[in-house]
Structures are given as structure tokens and as C-alpha cells.
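Those protein sequence lines, which keep their order, are chains S and L. Using the numbering used here, read the first sequence as starting at 1 and increasing by one per residue. Using the numbering used here, read the second sequence as starting at 1 and increasing by one per residue.
Treat the hints with care, since some could be wrong.
Pairs involving identical chains hold if they fit within one copy or between any two copies, as the list cannot separate such chains.
Claimed, not checked - Below, a list of computed lysine to aspartate or glutamate pairs in the DMTMM-like style, where the Cα atoms sit at most 25 Å apart:
id: 1; residue 1: K60; residue 2: E75
id: 2; residue 1: K47; residue 2: D231
id: 3; residue 1: K82; residue 2: D25
id: 4; residue 1: K120; residue 2: E250
In short, the hints are calculated from the structure, not lab data.
Chain residues, written in single-letter form:
2 protein chains.
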Amino acid sequence: MSIVFNSSSERARIWSARFTQLLPDLPFRTIDDRSSRADVEFLVTWKNPPGLLESFPNLKVVFSTGAGVDQFEPEGFPDHLKLVRMIEPGLSSGMAEFVLMAVLMLRRDMIAYAEQQRRKEWKFLGIRPATATRVGVMGLGEMGQAALAALAPMGFALSGWSRNRREIAGVSCHAGIEELPHFLGGSDILVCLLPLTGETRGILNAANLSLLPQGACLVQVGRGPHLVDADLIAALDSGRLGAALVDVLEPEPPAPEHPFWSHPRILYTPHVASTIQPASSADVVIENILRFRRNEPMIGLVDLSRGY
Amino acid sequence: MSIVFNSSSERARIWSARFTQLLPDLPFRTIDDRSSRADVEFLVTWKNPPGLLESFPNLKVVFSTGAGVDQFEPEGFPDHLKLVRMIEPGLSSGMAEFVLMAVLMLRRDMIAYAEQQRRKEWKFLGIRPATATRVGVMGLGEMGQAALAALAPMGFALSGWSRNRREIAGVSCHAGIEELPHFLGGSDILVCLLPLTGETRGILNAANLSLLPQGACLVQVGRGPHLVDADLIAALDSGRLGAALVDVLEPEPPAPEHPFWSHPRILYTPHVASTIQPASSADVVIENILRFRRNEPMIGLVDLSRGY
Numbered sequence: 001m002s003i004v005f006n007s008s009s010e011r012a013r014i015w016s017a018r019f020t021q022l023l024p025d026l027p028f029r030t031i032d033d034r035s036s037r038a039d040v041e042f043l044v045t046w047k048n049p050p051g052l053l054e055s056f057p058n059l060k061v062v063f064s065t066g067a068g069v070d071q072f073e074p075e076g077f078p079d080h081l082k083l084v085r086m087i088e089p090g091l092s093s094g095m096a097e098f099v100l101m102a103v104l105m106l107r108r109d110m111i112a113y114a115e116q117q118r119r120k121e122w123k124f125l126g127i128r129p130a131t132a133t134r135v136g137v138m139g140l141g142e143m144g145q146a147a148l149a150a151l152a153p154m155g156f157a158l159s160g161w162s163r164n165r166r167e168i169a170g171v172s173c174h175a176g177i178e179e180l181p182h183f184l185g186g187s188d189i190l191v192c193l194l195p196l197t198g199e200t201r202g203i204l205n206a207a208n209l210s211l212l213p214q215g216a217c218l219v220q221v222g223r224g225p226h227l228v229d230a231d232l233i234a235a236l237d238s239g240r241l242g243a244a245l246v247d248v249l250e251p252e253p254p255a256p257e258h259p260f261w262s263h264p265r266i267l268y269t270p271h272v273a274s275t276i277q278p279a280s281s282a283d284v285v286i287e288n289i290l291r292f293r294r295n296e297p298m299i300g301l302v303d304l305s306r307g308y
Numbered sequence: 001m002s003i004v005f006n007s008s009s010e011r012a013r014i015w016s017a018r019f020t021q022l023l024p025d026l027p028f029r030t031i032d033d034r035s036s037r038a039d040v041e042f043l044v045t046w047k048n049p050p051g052l053l054e055s056f057p058n059l060k061v062v063f064s065t066g067a068g069v070d071q072f073e074p075e076g077f078p079d080h081l082k083l084v085r086m087i088e089p090g091l092s093s094g095m096a097e098f099v100l101m102a103v104l105m106l107r108r109d110m111i112a113y114a115e116q117q118r119r120k121e122w123k124f125l126g127i128r129p130a131t132a133t134r135v136g137v138m139g140l141g142e143m144g145q146a147a148l149a150a151l152a153p154m155g156f157a158l159s160g161w162s163r164n165r166r167e168i169a170g171v172s173c174h175a176g177i178e179e180l181p182h183f184l185g186g187s188d189i190l191v192c193l194l195p196l197t198g199e200t201r202g203i204l205n206a207a208n209l210s211l212l213p214q215g216a217c218l219v220q221v222g223r224g225p226h227l228v229d230a231d232l233i234a235a236l237d238s239g240r241l242g243a244a245l246v247d248v249l250e251p252e253p254p255a256p257e258h259p260f261w262s263h264p265r266i267l268y269t270p271h272v273a274s275t276i277q278p279a280s281s282a283d284v285v286i287e288n289i290l291r292f293r294r295n296e297p298m299i300g301l302v303d304l305s306r307g308y
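With the rest of the complex left out, here is chain S (with noise of 0.2 Å):
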């Protein structure tokens, strides 16, 4: 029995130290290991090519090293696996902190004011006051709820979607598609953590995105094919909305001649809104290994049926 880790050397060693002490009667290995894989329990990776989970003929757990599970096509992954996405407190406060800066940024009229610097130009854009902003979070999971606790001191209206009610203190809560509509018009700035599923898949496109309100803002740190790259652009250019922040894209990087690159109205960066503490995702992993041993539930195992 051991465990097979897929990932940088960098981030082995930490997670390597980790396990030595805290788990050290599981042997752990490498990708690049050379020996039989055939005691293979466990595999850690985040990458999913094609052949991977089958060379592991004794795999009982796939653990994903992000939030996000939809390279692993949950809705026709192996029955007798289970899949297990990574919930760390480390990557959901990174996530908060990046929406909240995007958040500012954009109620602040960051974009047109870099904007307005590139021509020289010396123009105050007003301030609206913090009770008429409205920010909108799809996705209430731990990152949404990490996100809006973040956002909370600010004095912003909030709201949330996701696809079965949730119940947050001072977040109006909607949900289901037939409530979307309603969510969309009162968002001033979109916040798109969403998890990826054939549901999700293009929700940012022409129809919802002509929803929101006048002069709206979308931070796009969902995963990328969530948004349908032709759609925003045509939004701003016509200027229904004001600008956007975006990190996620499919595919990453982006060819050259993507238009995001140069459009003046969206900031585009590199899938940097968060990343996982290698310590303490080597320890929610243990944690759940020991849990899995126990016939526990683990913490973040997927729902193959709704993806997530």
C-alpha cells in the first residue's frame, strides 16, 4: 500500500516531509518512481492524462491538488475510485483576498484609470457610495463563502447564487437557473467561482452577461471554459459593461493573437488568484487518508452524479 504523488519536486519534498512525520507507515512515492504500481492506493495529482488512473490497477482514491475536479470528467469517472477535490484553508484565503482586491479594483475604476493614464489623461471618475455596490458571487461553496466573508467589512450589498439554496448571514441567496435572471440584474460586479460542470460550462455568455446591469463588471476566477471569450468582448466593446478582471482562460496561456491580451478594458492575469500551501494541502490529505481508513467521510469527496 502507498501513495503516489504527481507534482513538482519542489513541492514533493514538502510533501514528502509531511507525510515521513505524519504518516509514516504509507510509503510515499513520486510519479517518476520506477517500482511496481501495482500497491498504489493513492494518487495526488492534478493533471489527468489519458492512461494515468488506469496504470494504478489497485487505485482507491484520487485526490485532486485544486478546487477544481472537471479534468477528471466526473460524470464518467471509474465507479470504484473515489475522487476527492482539494478544500485547504490556504487556497480559499488566497481566493477571498483576490476577489476582494478585484473587487476594489474594479468599484474603483482601476481599469479605465490605467486606461485614462496611458492618454495622459487627468480625470476624476467619481466614487459611488459602498451601500450602492453590489457584488455578486456565483458559487457558494468554500471559496464564494471565503470570498463574501472577505467582502463583508467593505459595507457592499451582497448576494449569492449557486445551484442549491444556501443560507449566509447578510448575503441575499438565490438559487437554480429559474432564479439566475433575478441574481444577474442586481449585480453590479460579478464574481464567478463556480465549479465546472456540463451545467456551468459557457453560464458567462451574450444572454446572461446582457442581464446585468448597465456598466457592469465581471471578475472571472472560475475556470475558464465558464466564459464564452466572444461574448465579454462584444459586451464591453458595446459598452454595456465597464470592464472585467479576468485570471482563468481555456486553453492557459492563451494563443498570441487572443483578444484578451489587448483589450483596454480587461485585465487579464496569469491563473494566479490562488494556489494551494503545499504544507497544509499535505495535511488535509492525510487527514483525509486517515479518515478514509476509518470509514470516515473525507473532506471535499466528489459528487460524481453533479460533478462537484
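Given chain S's structure and the hints, the job is docking chain L onto it.
Same frame as chain S, now just chain L:
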């Protein structure tokens, strides 16, 4: 006895309504009013052109509509007049929000990412732990303390520097010119919120900037003359400093050839960090007039000898 208001007609409408409601016995006039100036006891103004104060022979109190009063040259201010700066909750909360945004932007390398975007470069620059980000705030008055309170939940290591020693929970406080080098040496992100006085003019100069840690960043939201513009350019170009967000300059707007317009590692914004909220700032002045009539200390009364 009357009050004269020297600002935009839009603001005058809001102020006039507040004064009519809350201080109906005090005639409220705008600067364009042709009535005799002999009965004017109170003047509300930001700008102080030559001869303005002298045109009101029975003036008693001058209220600045902003936090700064350096335009009144406190050192030479007439002895028989009182000078009051604006201490207004909206001004402080707007500044706190802008400083939080600016610190997050610099911590998360947003100026560098914007530069990468222009070069079509897709590269993650890392994220240091929040606890390893040392933020130092110069100036610990209303705005400095509001900024520190907004930064506190982020988990950064906070320090402050002021002329006289302050005690602020969770903030390592330094005081006086002799403790300035130690304070600067521990500020990965330096925020300037000082008043402009003879002692602070030019304080952000080559000598002091050289005391910051390698790669440190600057948030300049004080007053334009705090910064020696050429020294910041030199520190950025030599690689000693990482990036700067500059909101104030002297003069404003800067000339088209000013290097801040086009420097790739300066985000230059047109003095937008915070503005007073007309209604609540009117209320602050009304409260101060009531205090003046009762012979109680006014909020924000300037100590002419220290200049703020």
C-alpha cells in the same frame, strides 16, 4: 453673521439644504454672492488664492473641505483666525478602502501582471504568505488608523510611524525621525498618509527610499510634495523598488512630459483615493460651528505651530 461656501454649485446645493435644516439662524451664502462680506464669520474652502481671507474683514474660522491644510500655510496663518481641517468618516473610510486595494494590488503584483499582459507573457510570480508581507503606514491620524484597521483582517505584519508616539493594537508603532530608518527597513509596502509640513516635505527622497527592503513598493496617497518624483523613478529603474501606486502629485494635473504617465511600474491615478461626502462633511462643519458658539474645542482644529 453668516457663512460663505467656496466649492462647486452641486455641493453648495447639498450643503445649503443641510444648513437650512440644522442651522437655520446662520445665513448660508456661496462665494459668488454679492452681499457685503462684513458679516461673514465662517468660510468653507479648499483653495486659498491670494487675498481671499483678507476679503472677509470679520472672519473668525476657516474650514478646509479636505484633510489637508498646507494650502493655508499654517506657519504664517493669521493669529486671530482659527483653521479647521476636515475630519469626516466618509473621507477616512474611502481612504481606508483605497489603501487596502492598493496594498493588495502591490502584494499580488498587479502592476507587474499588467506589464506582462502588454508583453503577452503568461507567468506566475508567486504569492508570499500574508504574514510575511510587512506593511508600514506613515502618518497615524484619522486616515492612517482607518487604513490600518482595514488592513488588519488580512493577516499582514503591520507597523506605523508618526511624529509623536501612538499606541495601536496589533500595530508596531515607531515615532520620530530617529526611529524612521528602522521603520522603513521593515516596510515591504510603504503607505504615505502624512500631513504636509516643513518636516515631511520631500520625506520620500532617495535617502529614505534606499532604506526600504529590496523590491519594496510604495503607495503614495499623502500630498504631492512628500515625494521627490525623480528619486522614485531612479529607485524603480535601478531595481531597488518594485512598483508604486501614486495618487497625488505636485502640481496636478502633471505636465504631459511627466515620467509617471508612462512608467511601466507606476500606476498613476488622478487624486481619487477619497473624496468628502457632501452631506456628512456639511454635518461636520455644522457640529463645529455649534461647538465654536459654545466655546468647546472644534474637531480638527489645526495646531498652527505643528501645521496640522
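Quiz item: Against the structure shown, which of the earlier numbered hints fail to hold, in ascending order?
Solution: Violated hint: only 2; rest satisfied.
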